[in-house]
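*Asks:* Once you have looked at the hints, place chain V on chain L.
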Amino acid sequence: MCSPVSRSDARQPDGSVFEVEADLIDIFAGAGWRVGSAGPPKCRGLRSWSDGIVSVRRFNDCPGRHLFLFSDMAVVDVDADSREIGLFVKPRLSSETVRHLLLDQILPRVLALEPLLIVHAAAVETDGAAFLMIGSSGSGKSTLAASFQASGYELLGDDAVLIQQRANSFIGRAVYPSLRLREDSVREIFGSKANLRPVADYLAKWSVQNVAADIAERPVQAILLIDPNASDAVCVEPAADAKACMAILAQSFALDPTDSIRARDRLECAGELVRTIPTFNLTYPRDYGRLAEVRAAIIDAISRR
Amino acid sequence: MTDILTQKLRPSPDAFANAVGNETVLLQVKRGVYYGLDEIGTRIWEHLKSGEPALSACESIAAEFGVSLDAVKADARAFLADLKSNEIIVAE
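These protein sequence lines map, in sequence, to chains L and V.
Position one of the first sequence corresponds to residue 30 (the working numbering), numbered consecutively onward.
Position one of the second sequence corresponds to residue 50 (the working numbering), numbered consecutively onward.
Next up, chain V with everything else stripped away, as it sits in the complex:
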C-alpha cells in the first residue's frame, strides 16, 4: 500500500477552510463536521492545497522545528488518515 505521505491528496470539494491566526478551521459541509488544525496541521493543509505531497511538508517542519523526521511523519500519517476518513481530503 502506498504511503499516505506520498499519495496525491487534495482538499475535498465539500471542504471549506477559514484561517484564524496561525491555525485553520475546516468545514466538511456534507457531513456537517468542523475540524481544527493547529499551526503544523495548517502547514500540511497548505501543502496539499498547492498540490504538493504531504511528505515535503513533513521535511520542512522537521528541519524548522529541529524534531525527528520519523516522528513528524508518524504524526502526519495519523493526521492525514483522520482527514481522509472524514472526507476532508480525497485521493486524486
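Chain L on its own, in the form it takes in the complex:
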C-alpha cells in the first residue's frame, strides 16, 4: 500500500513558500503535468540509482513515484500516476537554476513516459525538415546548432528533441526552444550581440535568448551522431545500423531506466528510426575557424542521401 509523500506544507525551512514561475507551469501543463512547490519529502523504503547527473530514488511501495535529488540544490517528486510534480528547493536557489532543473532534467524524463523517443539532440531546420545532431553533453551539439543559426538556418532547439513516428515517417520537435552555450562559443559565434541569461548556478553556460524558433514540428530527414572525440578532418559517413541504434538509445531520456516495458518501446522505436531515417557519423575538429566547413559537409551529406 502506498504511503504518499506529504505535499500539504510547501513551506521552505526558512518559512518562505517557493513559487514556480507561471510560464514553467504552462509548459508542463501543455504536456499534461501539474508542477508546484512542495515541502520536504518524507519517504521510506527507497531503491535508488544514479544516472550521473542526478540521484534518483523510487518508492518500493509506489512504483509510479520517483524522487530526483539534485545534489544539495533541490528535490523533485514526480508522481506518474497523478501526473504531479512537487519541487522542494534550497533557500535562495536562483530562478535560472530552478528553470534549468525543470526544463532540462525533469521535462524530458516525464515526456519519456509517453510512446515517444526523447533524445539528447540539437535540431536544425532545412528545406522544411529537420536534421538532428545527437551527442553527449560537451560533444558540440549546441555550438554546431548555433553556427547554423548564425548562418541563416532556423534553430529548433539544442538540448532535447521529441521524436514520434507518424505513418512511415518520423516527426521531431524540440522539447522547448533553447540555445545554451559556453562563453567562448557565444563570443566566437555571436560576438557581443547576444542577449544572455545564465543557465544555472552550477553550470558555466549561457542561455542565448530569442534565437530559437517557437516549438515547431518538422519531419526528420537525417540524423548525425557526433563523435565526442575531435579529429583533424571533417568526416560525415553513413553509420552502421546497430551502432547507430545504440548511440540513439544511449542519448535517450527515461524516467525510470529499469522500466522494462518502456525500455523495449525505446529499443523498437530507435530501431525503426534507424531503418527509416538516414543516419551518419560526424567527426570534426573543434576549431571555430572550420565551422563553415563542418556545416557544408553536413548539408552535402544530407542532400546526397
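None of these hints come from the bench; they were simulated from the model.
It is possible that part of the hints are untrue.
Here are the simulated distance ranges between beta carbons [as the list claims (entries may be wrong)]:
(1) V:D87 with L:E48: 50 to 60 Å
(2) V:P102 with L:P69: 50 to 60 Å
(3) L:R319 with V:E88: 34 to 44 Å
(4) V:D87 with L:D294: 16 to 26 Å
(5) L:I290 with V:N135: 12 to 22 Å
(6) L:P257 with V:N135: 21 to 31 Å
(7) V:R59 with L:P257: 29 to 39 Å
(8) V:D119 with L:E212: 56 to 66 Å
(9) V:E108 with L:P267: 25 to 35 Å
Using N, Cα and C, we set each Cβ at its ideal position, and we do this for glycine too.
*Replies:* Here is chain V on its own, set in the frame of chain L:
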C-alpha cells in the same frame, strides 16, 4: 568443461532483440544493458533462437566467408562468453 559452442544455450527471457538491417541490437532489461551484434553475431544469435548449437552457425559462417573454422570458433567462443556474462544468453 563442455565447449561453449556445443552447449545448449538460449536467449534469456530478460533479453529483447530488434533487427536493424543485417545487424541486431539486444537489450538485457534487468541489467539495463544494450548490446550490438554485427552480421556474424546476428547469424549466431538466430541459430541460438532456433535452438541450434552455435557450432553449426560457425561451420556455415566459415564455409560462406571462406575463413578458417578454427578462427571463427575462437571468435564465437569469446562472443558467447560475453553474452553469457551479461546474462543475454543462458544455458538450458
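*Asks:* Starting from the hint list further up, note which numbers the structure goes against and sort them upward.
*Replies:* Failing hints: none at all.
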